[in-house]
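Q: Each chain, letter by letter, is given below.
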Amino acid sequence: MEFLLYCYERRAVILLAGLRHVEVSLIAVLLSVLIAVPLGILITRYRRMAHVVVNSANIGQTVPSLAILGMVIPVLGIGLKPAVFALVLRGVLPIINNTYSGIVNVDRSVIEAGRGMGMKGREILTMVELPLAFPVIMAGIRTATVLSISVATLAALIGAGGLGDLIFQGIVMADRDLLLSGSIPTALLAIGADLLLGGVERRLRKGAVQEAF
Amino acid sequence: MSILAYFVKSANLILKLTLEHITITVIAVSVSTVIGVAIGILITRYRRAAMSVIGVSGIIYTIPSLALFGMLIPFIGIGIKPALIALILYSQLALIRNTYVGITTIDPSIREAGRGMGMSPWQFLRMVELPVALPVIMAGIRTAAVMNIGTATIAAYIGAGGLGWLIFRGIASVHTEQILAGALPVTMLAIGVDYFFVLLERALTPSGLRR
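Chains as they are written, first to last, in our numbering: chain A, 1 to 213; chain B, 1 to 211.
Calculated directly from the structure, the hints in this document are not laboratory data. Glycine included, each C-beta is placed from N, C-alpha and C at the ideal position. One or more hints might be untrue.
[Unchecked claim] With beta-carbon atoms standing in for the labels, derived distance ranges:
| no. | chain 1 | residue 1 | chain 2 | residue 2 | range |
| --- | --- | --- | --- | --- | --- |
| 1 | B | 81 | A | 159 | 29 to 39 Å |
| 2 | A | 108 | B | 175 | 48 to 58 Å |
| 3 | A | 58 | B | 35 | 39 to 49 Å |
| 4 | A | 48 | B | 192 | 21 to 31 Å |
| 5 | B | 19 | A | 59 | 15 to 25 Å |
| 6 | B | 172 | A | 3 | 27 to 37 Å |
| 7 | B | 122 | A | 19 | 53 to 63 Å |
| 8 | A | 59 | B | 173 | 36 to 46 Å |
| 9 | A | 58 | B | 23 | 21 to 31 Å |
| 10 | A | 59 | B | 110 | 30 to 40 Å |
| 11 | A | 105 | B | 59 | 45 to 55 Å |
| 12 | A | 76 | B | 55 | 35 to 45 Å |
| 13 | B | 35 | A | 107 | 54 to 64 Å |
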């Protein structure tokens, strides 16, 4: 109860930090999609390259987020830009993997049918492969979004702001209310984003199946 | 100072923190495996509970690690205890889900063969289900181990020790060499552990199931 009162008094600070958090994560996810989806499509055309890219992406995903953040600083310094850069480095990998596997796993016979209707390479991509692979790509975007929200809390450390600011300050000052006023909204944000995109993904899956028949 | 010189100068510290990091990870992975595999087996027996158990572990998994630490500190304080609890909570999704999927996707003909030999449920679990599901369970342990190395880095901020300490210190004091002295070893540790589990998975796949 006391905590709720505390949150109410500090609502402006918490809201501002929350909005900043959403802003940083959203920019990072959008950039990740813009980079990763074309790259994922490209490697389905050059299968030999695909092996190298997918394997590197898998290894890249094992690198701890804090290490990525740390390694970005010597190169780009601190502030919003290096923070977004670190988030994008994290975010592109699941989207590349899912774009690739989504397209590669499209039923060959459906592509053949498209060819038989006289579709060219580009038409097959935009009218057959991408629509059918879209639910899988969306799952990758969902993973990237949750990751971005998580890494964005750490990015507060290098001056990107967001809810991580409140958590770090709360830990250092051993201030329970401050700590929780950062942690709980962050957790809700991540869970909310995951549920929302999970819902979108399910709808897309249903839609993709219905369209195919 | 060059990075190499810093590495040589602080070799002892880096080694000590690396060992701390490995210790936290090993404890967390061992405890998580016991809990996660047990829950995973249990929900193959109570299928109705399976989706909700996996769903709850999935929700915990999405909580950003710094936020989970933040929510644990008011109740458990700082140090290695909240760090271990967080790591164990995070690992549950990978372990429970993989154990469940590993056991429930066993070929029905293998099941029939076991039943036909008159095995008791306990024998069946020990001699059929677990060995056949082992590669999938191992994949879950691998995911958990790699994830724990990453989350343990962040746990340094709440006093759990490990290589994250150098990264946080380095960032706070704008000390590039110190950041890298934490970031590079922890990256190699994560990649190394991942590769170790790839080899282990291969070695543990029953020869009859190898492709």
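Q: Could you run down the list of hints and mark each one as holding or not?
A: Going down the list of hints, with the structure as the test:
{"no.": "1", "hint": "81/B <-> 159/A: 29 to 39 Å", "in the structure": "holds (31 Å)"}
{"no.": "2", "hint": "108/A <-> 175/B: 48 to 58 Å", "in the structure": "holds (55 Å)"}
{"no.": "3", "hint": "58/A <-> 35/B: 39 to 49 Å", "in the structure": "violated (27 Å)"}
{"no.": "4", "hint": "48/A <-> 192/B: 21 to 31 Å", "in the structure": "holds (27 Å)"}
{"no.": "5", "hint": "19/B <-> 59/A: 15 to 25 Å", "in the structure": "holds (24 Å)"}
{"no.": "6", "hint": "172/B <-> 3/A: 27 to 37 Å", "in the structure": "holds (29 Å)"}
{"no.": "7", "hint": "122/B <-> 19/A: 53 to 63 Å", "in the structure": "holds (56 Å)"}
{"no.": "8", "hint": "59/A <-> 173/B: 36 to 46 Å", "in the structure": "violated (30 Å)"}
{"no.": "9", "hint": "58/A <-> 23/B: 21 to 31 Å", "in the structure": "holds (26 Å)"}
{"no.": "10", "hint": "59/A <-> 110/B: 30 to 40 Å", "in the structure": "holds (34 Å)"}
{"no.": "11", "hint": "105/A <-> 59/B: 45 to 55 Å", "in the structure": "violated (28 Å)"}
{"no.": "12", "hint": "76/A <-> 55/B: 35 to 45 Å", "in the structure": "holds (39 Å)"}
{"no.": "13", "hint": "35/B <-> 107/A: 54 to 64 Å", "in the structure": "violated (40 Å)"}
Of the numbered hints listed earlier, those contradicted by the structure are 3, 8, 11 and 13.
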